[in-house]
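Heads up: the sequence lines are chains A and B, in that order. Those letters in the first sequence? Residues 1 to 339, by my numbering. Those letters in the second sequence? Residues 1 to 339, by my numbering.
Hints may contain errors.
Unchecked claim - Here are the simulated BS3-like cross-link-like pairs (lysine-lysine), alpha carbons at most 27 Å apart as the crow flies:
(1) B:Lys12 with A:Lys147
(2) B:Lys12 with A:Lys4
(3) A:Lys12 with B:Lys12
(4) B:Lys4 with A:Lys4
What the hints assert, rightly or not - Incomplete in silico selection of chain A near chain B, CB under 7 Å:
(5) Lys4
(6) Gly7
(7) Ile11
(8) Cys91
(9) Leu108
(10) Tyr109
(11) Gly110
(12) Tyr130
(13) Glu146
(14) Ser318
(15) Thr320
The set of hints was computed from the structure by calculation and includes no laboratory data. We put the CB at the ideal spot given by N, CA and C, even for glycine.
Protein chains: 2
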Amino acid sequence: MAQKRIGNFSIKFQNPPTILSTAAIAGTKEAEGRLGSYYDQTLRDERYGEDSWEKAESKMQKETLMTAVSKGGISLNDLDYIFAGDLLNQCAGSHYGMRETSRPFLGLYGACSTMAESMTLGAMIVDGGYADHAACITSSHFCGAEKQYRYPLEYGGQRPPTAQWTVTGSGCAILAASGEGPYITGVTVGRIVDMGITDANNMGAAMAPAAYDTINNHLADHNIAPDYYDLILTGDLAQIGSEIVRDMFHKDGIELAEHYADCGNMVFYQKEQDVHAGASGCGCSAVVFCAYIMDKLKKGELNKVLFVGTGALMNPGSLTQGESIPSIAHAVSIERSLA
Amino acid sequence: MAQKRIGNFSIKFQNPPTILSTAAIAGTKEAEGRLGSYYDQTLRDERYGEDSWEKAESKMQKETLMTAVSKGGISLNDLDYIFAGDLLNQCAGSHYGMRETSRPFLGLYGACSTMAESMTLGAMIVDGGYADHAACITSSHFCGAEKQYRYPLEYGGQRPPTAQWTVTGSGCAILAASGEGPYITGVTVGRIVDMGITDANNMGAAMAPAAYDTINNHLADHNIAPDYYDLILTGDLAQIGSEIVRDMFHKDGIELAEHYADCGNMVFYQKEQDVHAGASGCGCSAVVFCAYIMDKLKKGELNKVLFVGTGALMNPGSLTQGESIPSIAHAVSIERSLA
Chain A
1 MAQKRIGNFS IKFQNPPTIL STAAIAGTKE AEGRLGSYYD QTLRDERYGE DSWEKAESKM
61 QKETLMTAVS KGGISLNDLD YIFAGDLLNQ CAGSHYGMRE TSRPFLGLYG ACSTMAESMT
121 LGAMIVDGGY ADHAACITSS HFCGAEKQYR YPLEYGGQRP PTAQWTVTGS GCAILAASGE
181 GPYITGVTVG RIVDMGITDA NNMGAAMAPA AYDTINNHLA DHNIAPDYYD LILTGDLAQI
241 GSEIVRDMFH KDGIELAEHY ADCGNMVFYQ KEQDVHAGAS GCGCSAVVFC AYIMDKLKKG
301 ELNKVLFVGT GALMNPGSLT QGESIPSIAH AVSIERSLA
Chain B
1 MAQKRIGNFS IKFQNPPTIL STAAIAGTKE AEGRLGSYYD QTLRDERYGE DSWEKAESKM
61 QKETLMTAVS KGGISLNDLD YIFAGDLLNQ CAGSHYGMRE TSRPFLGLYG ACSTMAESMT
121 LGAMIVDGGY ADHAACITSS HFCGAEKQYR YPLEYGGQRP PTAQWTVTGS GCAILAASGE
181 GPYITGVTVG RIVDMGITDA NNMGAAMAPA AYDTINNHLA DHNIAPDYYD LILTGDLAQI
241 GSEIVRDMFH KDGIELAEHY ADCGNMVFYQ KEQDVHAGAS GCGCSAVVFC AYIMDKLKKG
301 ELNKVLFVGT GALMNPGSLT QGESIPSIAH AVSIERSLA
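Excised from the complex, chain A in its bound form (with noise of 0.2 Å):
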């Protein structure tokens, strides 16, 4: 067997990367939610100065890089690798934002998942030897992803109550060969997983399921139970989703009580900001874990977090032709010190 592999699905790693750095810029109704005041930046309006959201959302990763470069204390070209990926058609937002960096470049699409995958594939490649500095980010755009994804914003469609807001803002995270921690110190990187789901409208309740298999098989792999973490932490299951993961691990008699949260749950005041659901989007992972959850962890609050990120794989023909929506979700372990 692969020497670094434990269990049938999960990595620990033998040099632990650390997260040498995290930024996070997000949106105006962000800017008025539960994390208003971790972000980094917030957008004064959602063009961000620039003439479409799609150009907007490219920019807010462009500067949350350059943010996340800046805090670590290293510059552009210390960066070996840059992960990213997004929500638009072929990734644009990921492309254009990143256009300008002049570093190797790897894209990646993993739906909402992406800002775990990229972690995922950033910790590896450091952890082996690859590289000293890799960037690992993502994003989503509210406007963007609802003109792609559902109705033009001028359409004024209703919404139902399963679904969710899509978060404007971008997430990166510096990963570095040595440092001070916090440590992610291994992964397991998760099968597709698809129960029948067929409306977009109910995203969380399609990639519960996958979120269930990938932190079961985690679990399993170093044979601990949830209680191991001070927090799992999914994104972006929302209220529904979270609940049903839950209900999933209650039938194997295991109560995640208060070790386990949502991120989509934790972006806005869910009835104030009427967003039904809760929150989803590439962004939303990403924001919830490089502004907050590193927070947390750099000062102590929090010690052991396993971070789910999690995605929805259709896109919207699939579904008109009848297709369910495929799930997926990795998981990522980040320890604030080592064993």
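Assemble chain B onto chain A, guided by the hints.
For chain B alone, kept in the frame of chain A given last:
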């Protein structure tokens, strides 16, 4: 500096992964092309028994994976990771194609560079001791690509002479930690390069500078001349792009001569099959490498190949917003035997 790096951009593997097996499935027009006899299977019609082109593409990926797994003498459960991506919005071709594998999945978006990108990451992950077996797979479908990127086929749009023809095909390579070779001895990850081309019907010209950049970086990092390789194989620049690459090196005083070819010129009989500038699509370099180049490597007719996947990273919407076409190229060094 990270231990496995060489020069500014390249990786030299300490445990070079073997390419255990490859498989390629291609469409009806490809069956009548130059490499018709090399494919493991060719389609009888573009639907492949499915009710949409997109479902046909997913089925091609699935069948190609299963063929490669079978040719490698392993089972699906031996795959530690699947790296996959395609051109469909949100990479849906890969997600539906790989949905039933139940193996850890990492989604990529590299446009037509995806075969090389997946082999790059797959090789790092195998060399690094994270996997014994990794599958690297991609696909494209002419009908689905035309519908998504240009016009519905029924529209009967005219194609300009610079346009390329998207290959209907899928290629898969299984990488393994041990075996007889050919081996992946190193990789050079590309940077995004954008020289301001805005014509989506002239992708070859847009991508050529990215190919030049990556090949240059690779040669400089290893301090070798192009004739180190029996073949430097870009894909899919086709007629116009490949001539630009030759010209760019010529200006540096370097003649690529017979050490250089492009996958976009190898799939079709260009004049007779009326494909204008040549072939393109994720499937282009995938089927050329997996069907033809691997055959030549196994027979010893080629010993050292630098496989340089090229991708154009725009989407149709970004072009209508006045953007140019950012491009990328990733180089994979493949040698028949280890020095």
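Evaluated hints:
1. Proximity of Lys12 (chain B) to Lys147 (chain A) is assessed by CA-CA distance (about 44 Å); at most 27 Å being required, the pair is judged violated.
2. Simply put, Lys12 (chain B) and Lys4 (chain A) have alpha-carbon atoms about 20 Å apart, close enough for the 27 Å limit, and the pair holds.
3. Between Lys12 (chain A) and Lys12 (chain B) the CA atoms are separated by roughly 23 Å; this keeps the pair inside 27 Å, and the hint holds.
4. At most 27 Å may separate the alpha-carbon atoms for a hinted pair to count; Lys4 (chain B) and Lys4 (chain A) meet this at roughly 17 Å.
5. A distance limit of 7 Å between C-beta atoms decides the matter here; for Lys4 (chain A) the minimum to chain B is near 5 Å, and the interface restraint holds.
6. The restraint placing Gly7 (chain A) at the interface with chain B is violated, with a minimum CB-CB distance near 12 Å, outside the 7 Å limit.
7. Residue-level restraint check for Ile11 (chain A) holds (minimum Cβ-Cβ distance to chain B is 6 Å; threshold 7 Å).
8. For Cys91 (chain A), the shortest C-beta to C-beta distance to chain B is roughly 5 Å, which falls under 7 Å, so the interface hint holds.
9. Because the beta carbon of Leu108 (chain A) sits about 6 Å from the nearest beta carbon in chain B, less than 7 Å, this interface hint is met.
10. For Tyr109 (chain A), the interface hint holds, since its Cβ comes within 7 Å of a Cβ in chain B; the closest pair sits about 4 Å apart.
11. With its C-beta approaching chain B no nearer than about 5 Å, Gly110 (chain A) sits inside the 7 Å limit, and its interface hint holds.
12. Hint on Tyr130 (chain A) holds. Least Cβ distance to chain B is approximately 5 Å, under the 7 Å limit.
13. Hint on Glu146 (chain A) is violated. Least Cβ distance to chain B is approximately 14 Å, over the 7 Å limit.
14. Taken as an interface hint, Ser318 (chain A) checks out: its beta carbon lies about 5 Å from the nearest beta carbon of chain B, inside 7 Å.
15. A least Cβ separation of about 10 Å between Thr320 (chain A) and chain B goes past the 7 Å threshold, and the interface hint is therefore violated.
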